[in-house]
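Colleague: Each chain is listed here by its residues.
There are 2 protein chains.
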Amino acid sequence: MKTNLKHLLNKEIKEGVEILSIGTELLLGNIVNTNARWIAEQLSILGLNHFRQTTIGDNAERLSKLIKEISMRSNLLITTGGLGPTPDDLTTESIAKAFNQKIYARESIWEGIKMKLSQKKPYITNLSLKKQCFFPKDAQIINNPKGTAPGMIWKPKENFTILTFPGVPDEMKVMWEETAYNFIKSNFSDGSIFFSNTLKLTGIGEATVSETIKDLLELKNPTIAPYASLEEVKLRITTKAKSVSEAKLLIKPIKKELKETFSKNIFGEDNESLQSILVKELIKRNESIVFAESCTGGLLSSYITSVSGSSKVFKGGVIAYSNELKHSLLDVPINLINSFGAVSEEVAESMSIGVKNKLKSDWAISVSGIAGPDGGSDSKPIGLVYIAITGPNNKIIKIKKQYNPLRNRNEIQRLSVNDCLNSLRLILLS
Amino acid sequence: MKTNLKHLLNKEIKEGVEILSIGTELLLGNIVNTNARWIAEQLSILGLNHFRQTTIGDNAERLSKLIKEISMRSNLLITTGGLGPTPDDLTTESIAKAFNQKIYARESIWEGIKMKLSQKKPYITNLSLKKQCFFPKDAQIINNPKGTAPGMIWKPKENFTILTFPGVPDEMKVMWEETAYNFIKSNFSDGSIFFSNTLKLTGIGEATVSETIKDLLELKNPTIAPYASLEEVKLRITTKAKSVSEAKLLIKPIKKELKETFSKNIFGEDNESLQSILVKELIKRNESIVFAESCTGGLLSSYITSVSGSSKVFKGGVIAYSNELKHSLLDVPINLINSFGAVSEEVAESMSIGVKNKLKSDWAISVSGIAGPDGGSDSKPIGLVYIAITGPNNKIIKIKKQYNPLRNRNEIQRLSVNDCLNSLRLILLS
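Protein chains in written order, with numbering that gives the first Met the number 0: chain C, 0 to 429; chain D, 0 to 429.
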């Protein structure tokens with residue numbers, strides 16, 4: 000029978016779903032809790048109300064107490080962590096103890112664990128691994144295809160269900176997708192979904208975006224939320240609806256308005272990246288591209304080659320880090336480097352022409368700059384970057400950027416790569 | 000007067016420090032909670048016991064209730080989020096309400112906010128910003144040098160203090176460092192510190208590491224905790240001590256034992272990376288290096304050039320993604336590619352010799368493989384990678400790797416880069 004969250008809410012003042020992350024390493028700040036974010040997103044997709052996340056250490060007593068607390072106020076608890084073989088892994092027994100239940104070995108699971116281990120790690124014979132096959136009597140097992148620790152679906156009392164997962168993100172995710180998703184969907188979801196569509200902008204700051212669409216940001220359904228990172232601003236449009244098609248209809252007019260407002264800045268949606276849309280566009284045009292990198296040191300090429308299928312358009316590149324190689328590999332005249340310096344419009348232009356001719360392609364991008372933390376001067380401060388783009392007609396577009404010199408090396412490299420890619424995008428658009 | 004946490008623990012069964020992250024975007028899974036990790040680490044450094052983290056949405060009623068709960072069981076609460084100007088930002092008023100207190104405008108703060116805005120964003124005149132200058136009467140302000148929203152230090156009742164911070168990580172961090180650190184240290188820390196030292200291992204799995212040092216993992220002070228990522232295993236040794244020098248003494252024998260046990264696998268400590276130790280070693284030897292990349296597409300070069308000072312040893316590289324460029328830029332014979340294929344020991348070897356000769360360096364690394372998801376075959380499956388390293392004596396070391404074909408493109412590229420770097424490290428060691 001389907002549990003109706005709304006109904007329960009009225010009857011028992013229970014508040015839906017909670018996530019509990021278990022692990023002293025989280026409290027010590029050793030690792031970032033990416034699991035909670037991922038599960039939160041999954042719950043959103045299922046349209047479930049999720050009101051609280053808690054993180055707690057590997058302490059049996061505190062864990063039992065907290066789980067009891069949660070069982071009083073929520074219907075569904077998702078836990079991660081503490082399912083492994085070490086003495087610190089206390090989740091299953093602490094959950095059982097919270098409801099005065101015992102856990103029992105399941106021999107079939109133990110056989111499965113031994114088989115998994117004998118294939119992969121024949122040297123592990125540690126009996127402590129057996130711990131992982133102990134569960135409360137009436138718990139349903141969540142199979143773990145990627146590791147040894149299974150999870151469980153357990154309903155220790157009326158209107159309260161616990162799902163446990165290991166803390167290893169890869170194992171947790173596949174267990175969610177193979178088992179938990181369907182269980183939660185058929186037992187807890189009221190059939191509505193949250194649907195999100197994200198527009199990605201670059202070349203504009205978050206403050207300007209927010210100020211421009213101040214009124215839209217106050218909408219209630221759909222909602223629009225801006226998120227900024229170093230290179231881009233994302234606008235996430237979210238709506239609750241009965242189906243994906245209804246959601247898309249609700250989102251459509253908002254999306255249209257945003258696309259008109261930020262026409263030049265929007266480069267893609269959802270999982271698209273600047274590099275993926277460039278690869279797609281160049282494939283469509285049947286045009287090839289090459290790079291000559293100095294200050295970005297291979298990062299520009301690695302962005303393009305992170306895209307599956309990039310070999311159809313990206314022929315390769317040269318990382319001419321030293322002046323010697325700028326000359327020998329890219330035919331940049333020595334006297335040009337001596338007169339203007341390696342970081343100059345003239346050298347960037349020459350690198351771009353050089354790499355295009357040598358590597359014989361339709362497009363070439365070159366980039367030379369000062370990423371720091373050393374090498375800056377009054378006339379050429381850290382963050383000064385020259386980009387040159389040569390196209391099929393051999394027309395050269397030159398771009399000069401001065402990033403904030405207080406930015407670190409990695410940030411300046413990433414901003415440079417972003418401007419290389421975005422500049423090419425704007426050229427291809429026009 | 001200094002609050003003695005231990006004493007309070009006995010008297011009031013209070014449990015130290017908690018972190019509360021406020022924001023519906025966290026519950027929706029839109030962003031990862033990096034603030035909680037950072038603060039957790041800071042509390043560790045201050046030697047404070049921190050037992051619980053909670054995340055909750057922008058809902059005034061739930062927030063007030065939760066803060067009341069926390070004030071019953073903890074001495075110190077650190078909150079992030081909800082201090083901004085929008086209607087969703089409810090933290091200060093909800094905290095005040097939890098203790099039946101009112102908040103009042105502080106005109107001097109409002110003047111400060113207006114001044115900050117007129118310098119930076121003259122177009123923002125929104126009066127809702129004034130919200131950010133409302134605080135309980137006896138709250139002490141935490142100045143925000145990077146943004147408009149100040150935080151507060153407030154003691155609404157005996158043995159309970161709240162510190163509030165905005166959710167923007169950069170603002171939160173500088174406020175912590177400038178104001179909160181000293182306040183917490185002088186009011187809550189018992190003078191001891193947690194000190195950590197991390198050893199970094201590669202070329203060995205977490206299971207093998209854990210199995211090998213099973214006994215050490217059960218130590219209580221110092222503790223040793225393993226953390227695994229795709230490329231490496233970290234062993235974090237942590238100790239509580241009166242001073243850094245005492246901590247180092249406690250850690251010394253453990254570190255010695257680990258270094259003996261995993262001599263070949265340990266490549267560095269703490270913030271060191273494979274690339275940073277290679278750059279250091281090559282600078283010491285006064286030897287240069289170049290790369291010829293195929294399947295890694297620039298990623299290997301970008302790793303080396305992420306290290307400040309790498310230009311002293313890294314001359315540059317060639318990304319010969321197409322066969323045409325392998326021939327034209329690296330002198331790989333066309334018939335070699337035709338006979339053995341681009342992904343072969345023979346071609347990797349030829350690429351390595353070619354790039355070393357062309358770019359004139361002491362060391363050269365080449366890498367060619369199948370990163371997927373396309374391009375695999377029965378004889379050359381996805382994950383097959385050839386690496387060749389040529390040294391000053393022109394001796395060539397050839398390495399063949401077969402990564403799990405189920406790994407994604409990015410993982411195979413990263414594993415390849417890691418093996419390129421680690422293979423060179425082992426050669427330089429021997």
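Please keep in mind that the hints were generated in silico from the structure rather than gathered at the bench. Predicted model, so just to flag it, every value in this text is computed and none were measured. Do not take every clue at face value.
Any copy will do: because identical chains look the same in the list, a pair fits if it lies in one copy or spans two.
[To be verified] Below, in silico cross-link-like pairs of lysine-lysine (DSS-like), each with a Cα-Cα straight-line distance of 27 Å or less:
hint, residue 1, residue 2
1, K67, K115
2, K172, K233
3, K156, K64
4, K251, K172
5, K219, K129
6, K239, K399
7, K399, K311
8, K115, K213
9, K136, K184
10, K113, K283
11, K279, K67
12, K136, K359
13, K145, K379
14, K213, K283
15, K254, K213
16, K67, K283
17, K113, K213
18, K241, K397
Colleague: Give me the numbers of the hints this structure contradicts, sorted from smallest to largest.
Modeller: Hint check: 1, 4, 6, 10, 11, 12, 14, 16, 18 fail, others pass.
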